[in-house]
Amino acid sequence: MTERDNLTDPEKSKAYAQTMTTSANELETLRAELQALMVKFGMRALKLYQTGTPEPLMPGQMSYLIKYELTNAIADLQDPQNLETIINATKEEWIKQQQKPEEQE
371 MTERDNLTDP
381 EKSKAYAQTM
391 TTSANELETL
401 RAELQALMVK
411 FGMRALKLYQ
421 TGTPEPLMPG
431 QMSYLIKYEL
441 TNAIADLQDP
451 QNLETIINAT
461 KEEWIKQQQK
471 PEEQE
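Under this note's numbering, residues 371 to 475 are what the sequence shown spells out, in order.
Bear in mind the hints are in silico, worked out from the structure with no lab data behind them.
Computed list of lysine-lysine pairs in DSS-like fashion (alpha-carbon distance at most 30 Å, straight line): (1) LYS417 with LYS437; (2) LYS384 with LYS470; (3) LYS382 with LYS466; (4) LYS470 with LYS382; (5) LYS461 with LYS382; (6) LYS461 with LYS384; (7) LYS384 with LYS466; (8) LYS437 with LYS410; (9) LYS410 with LYS461.
Taking the hints into account, I'd like the entire structure generated from these sequences.
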């Protein structure tokens, strides 16, 4: 079945439109969650740096440290081995969620 097949049947079209709306909302939620997680990475870097010096962080230092931490976190995610781990975990989760409730027991 293709996207076009969903648009020729009014009931399927309505269900497809609802799925697309839900998916768009989910994407926005995931983006917000990812941004919040990245803030935690930045905070971790600042806290770690601050433990090594009594001097308060300067705004330029903060930007540099946060950017450095985020760049490294993104690079870690893009590492082929990490991507493969995420892909496999996602496949496993998909299979688990597709099982019928009585099969999960």
